[in-house]
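2 protein chains.
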Amino acid sequence: MGKLYLIPTTLGETAVEKVLPAEIMQVVRSLRYFVVENTRTARRHLKKIAPEIIIDELDFKELNEHTQPIELDMLLDPIRNGFDLGILSEAGCPGVADPGADLVKLAHEKGIQVVPLVGPSSILLSLMASGMNGQNFAFIGYLPVKPTERSAAVRDLERISARDKQTQIFIEAPYRNAKLLEDLLAVCNSQTRLCIAVDLTMDSEFVVTKTIGAWKKAIPDINKRPAIFLLQSQ
Amino acid sequence: MGKLYLIPTTLGETAVEKVLPAEIMQVVRSLRYFVVENTRTARRHLKKIAPEIIIDELDFKELNEHTQPIELDMLLDPIRNGFDLGILSEAGCPGVADPGADLVKLAHEKGIQVVPLVGPSSILLSLMASGMNGQNFAFIGYLPVKPTERSAAVRDLERISARDKQTQIFIEAPYRNAKLLEDLLAVCNSQTRLCIAVDLTMDSEFVVTKTIGAWKKAIPDINKRPAIFLLQSQ
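Chains as they are written, first to last, in my numbering: chain R, 1 to 234; chain L, 1 to 234.
If you are wondering where the hints come from, they were derived from the structure by calculation, not from laboratory data.
Do not take every clue at face value.
One copy or any two copies: either way a pair holds, since identical chains are not told apart in the list.
Once the Cα atoms are required to be at most 30 Å apart in a straight line, the calculated DSBU-like pairs of lysine-lysine come out as [unchecked claim]:
hint	residue 1	residue 2
1	18	47
2	61	217
3	3	224
4	146	165
5	18	216
6	216	165
7	179	48
8	216	47
9	105	48
10	146	48
11	47	61
Build the full structure now, drawing on both the sequences and the hints.
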């Protein structure tokens, strides 16, 4: 049986050498079968990683929100036929917050070897650079959008962070970043620390941790930029 | 002012090219000042990353459990003098579960730019390869060692994982891995899924997810090997 490789991609317009180890280029060159979220962007990404490969000789199958559970199993056919298979994410590390996780789950049920490769993760990069507790942290994805639910969720984060000394990490759709920041500044205790990490791995990257009180004095423009937020309260 | 670079290292005896992007070698070559946990192993690591650098021309300051809070501030002196400074971890990504986080916290208080670089994290690699929920997960470090406290903690993990659909990630000192696994098999529900990731990024790596019931039928030998555990219950 073949193996299932988890192949990270860049987080936006970054040089491949900046965020991907050389071994990823070698693995990509050795593979013929790929499972991707979107064939067009995956082709573009592979061309960037390994410019000399002949994309038209590769086999792409899509795994995204349109994939039916019954189709999942067929995606593993190359592995059953003795070929290695690669899963590519649209950005960052596959299997963390994308449909690839379902295929990895199935691979384990079938006794297939899964091999994760190193790449950029906004969760991990922001945690490293935040100066917050990395011995205990939670990534919780998106907060609720409705105002009252969101306020309650933010207060919960503060309470849990203080109780468990657990850093709370969350994201928002880029076009709602400014609104999220506004809500955080309105709801949180002024002593709570908030880290905002924007455009990670890109030239315009910034990662800054301040108290809510300090952020209120100079609100950064983060709208429509990829961002991730970390909160630690006392 | 200089910048504070967070420089990941390999997780054990792995080729640098397998887990570190080429840019890390460039950053290391450009730095003269380093903060490390242990100078001897840091020198060895830098030699591996960039064999041509002259280690004796570099400046190493140690940051570890012996460092007093009052000494932290002095570690940032090179940055105040206009030089970039690199923090190296003993293994994996600095600032996540090592004393480097305290220095990063202080850097933010001083308005210093912090730049995280991409490298291997056992937390993230195991999560990618586990097939478990990566949209909501918590890393909680070590479980209690005392039997009754540990059993209670494991039951808590199962409860929280089921309630919040949150993958629970934890570690143990390698020489206690076999005991931890024994305890997990004894305490957890047979339908709970457990992922064991051992020797990540090394030739002997394995990452396997099974139900507790299935693990009981064939208990792997993981003692004294670096491992990380992930649990998801329903």
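To see whether the hints hold, each was checked on the structure:
With identical chains, the CA atoms of residue 18 and residue 47 are at most 30 Å apart both within one copy (16 Å) and between copies (20 Å). In this homomeric assembly, residue 61 and residue 217 never come within 30 Å of each other (Cα to Cα): the closest approach is 49 Å inside a single copy and 35 Å across copies. Taking identical chains as interchangeable, the C-alpha atoms of residue 3 and residue 224 lie at most 30 Å apart only when they sit on different chains, with a minimum of 26 Å there against 38 Å within one chain. For the homomeric pair residue 146 and residue 165, the shortest alpha-carbon distances inside one copy (27 Å) and between copies (21 Å) are both at most 30 Å.
Taking CA atoms no more than 30 Å apart as the test, residue 18 paired with residue 216 passes in neither setting, with 34 Å inside one copy and 43 Å between copies. When the C-alpha separation of residue 216 and residue 165 is checked against a cutoff of 30 Å, the pair qualifies only within one copy, where the shortest distance is 24 Å, while the shortest distance between copies is 34 Å. For the homomeric pair residue 179 and residue 48, neither the shortest alpha-carbon distance inside one copy (35 Å) nor that between copies (46 Å) is at most 30 Å. For the identical chains of this complex, residue 216 and residue 47 are neighbours neither inside a copy (44 Å) nor across copies (45 Å), given an alpha-carbon limit of 30 Å.
For the identical chains of this complex, residue 105 and residue 48 are intra-copy neighbours only, at 29 Å inside a copy versus 36 Å across copies, given an alpha-carbon limit of 30 Å. Proximity of residue 146 and residue 48 under a CA criterion of 30 Å is satisfied in neither setting, with 40 Å inside one chain copy and 51 Å between copies. In this homomeric assembly, residue 47 and residue 61 come within 30 Å of each other (Cα to Cα) only inside a single copy, at 17 Å, whereas the closest approach across copies is 42 Å.
Checked against the numbered hints above, the structure violates hints 2, 5, 7, 8 and 10; every other hint is satisfied.
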